[in-house]
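Undergrad: Okay, here's what each chain looks like letter by letter:
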Amino acid sequence: DGGITQSPKYLFRKEGQNVTLSCEQNLNHDAMYWYRQDPGQGLRLIYYSQIVNDFQKGDIAEGYSVSREKKESFPLTVTSAQKNPTAFYLCASSISTTGELFFGEGSRLTVL
Amino acid sequence: GQQLNQSPQSMFIQEGEDVSMNCTSSSIFNTWLWYKQEPGEGPVLLIALYKAGELTSNGRLTAQFGITRKDSFLNISASIPSDVGIYFCAGQLSGTYKYIFGTGTRLKVLA
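As you go down the protein sequences, you meet chains V and B in turn. First residue of the first sequence? That's 1 in my numbering, and the numbers climb one at a time after it. First residue of the second sequence? That's 1 in my numbering, and the numbers climb one at a time after it.
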């Protein structure tokens, strides 16, 4: 099936630890995005990538890092520098930087 | 960051009723997207709009791209219990990669 796969779906982390969230797509989309979702707020952009080996900071990039070594993959690392990392994280992709945006199932990170 | 004004925040309706929600902004968009999200899941794309004035349907759902390119609405006709969820809009700013998201409308349908 074509789509966007995020893993893990649930993740618990102790304070001070880095964690990496996986995002893989088999839609042959050029652009990939990471969003953070908090209750009562709209989605906020963390990072996006238009092509392989290139990515740009979004509105709330501090404390996060990404890589785009392959077209299909866009992993997000939540570092210990992120002050409030507990949230629902959504990966998305689009065929270019215009048009329809498709989301994965999400990963819920809880910091203990 | 920017957000879209989406209203209403929540709705409680009887099964069979029609529903309307809208998003407005001071910015101009070249694309409007409408999504449905259920608890703990990723958003599912319902309708995409690309032209000012465009009216598009997907089953019982109808959405329109406002003529000013600053607003959009979504209608759901003859609601059923499985329509329950959070609906939100997204607009893509003209000439940019950036999508701006509404805060969502929580819909509850009473059987």
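Rather than coming from a laboratory, the hints here were simulated on the basis of the structure. Just so you know, not all the hints are guaranteed correct.
[What the hints assert, rightly or not] Using C-beta positions, here's what the derived DEER-type ranges look like: (1) V:Q50 x B:A111: 20 to 30 Å; (2) V:T77 x B:Q14: 45 to 55 Å; (3) B:S10 x V:R108: 40 to 50 Å; (4) B:E38 x V:S7: 15 to 25 Å; (5) B:Q14 x V:D38: 40 to 50 Å; (6) V:K57 x B:I80: 19 to 29 Å; (7) V:E69 x B:L110: 28 to 38 Å; (8) V:T5 x B:L93: 26 to 36 Å; (9) B:Q14 x V:Q56: 41 to 51 Å.
[What the hints assert, rightly or not] Covered stretches of chain V (in silico footprint by chain B; criterion: 3 or more residues with CB under 8 Å from a CB of chain B, positions within the stretch not fixed): (10) 44–56; (11) 104–111.
Note that beta-carbon positions come from the ideal geometry of N, C-alpha and C, so glycine has one too.
Undergrad: Run every hint past the structure and note whether it holds.
TA: Comparing the hints with the structure gives:
no.	hint	result
1	V:Q50 x B:A111: 20 to 30 Å	violated (46 Å)
2	V:T77 x B:Q14: 45 to 55 Å	holds (47 Å)
3	B:S10 x V:R108: 40 to 50 Å	violated (22 Å)
4	B:E38 x V:S7: 15 to 25 Å	holds (19 Å)
5	B:Q14 x V:D38: 40 to 50 Å	violated (31 Å)
6	V:K57 x B:I80: 19 to 29 Å	violated (42 Å)
7	V:E69 x B:L110: 28 to 38 Å	violated (50 Å)
8	V:T5 x B:L93: 26 to 36 Å	holds (28 Å)
9	B:Q14 x V:Q56: 41 to 51 Å	holds (46 Å)
10	44–56	holds (count 5)
11	104–111	holds (count 4)
The structure fails hints 1, 3, 5, 6 and 7 (numbered hints given earlier, in ascending order).
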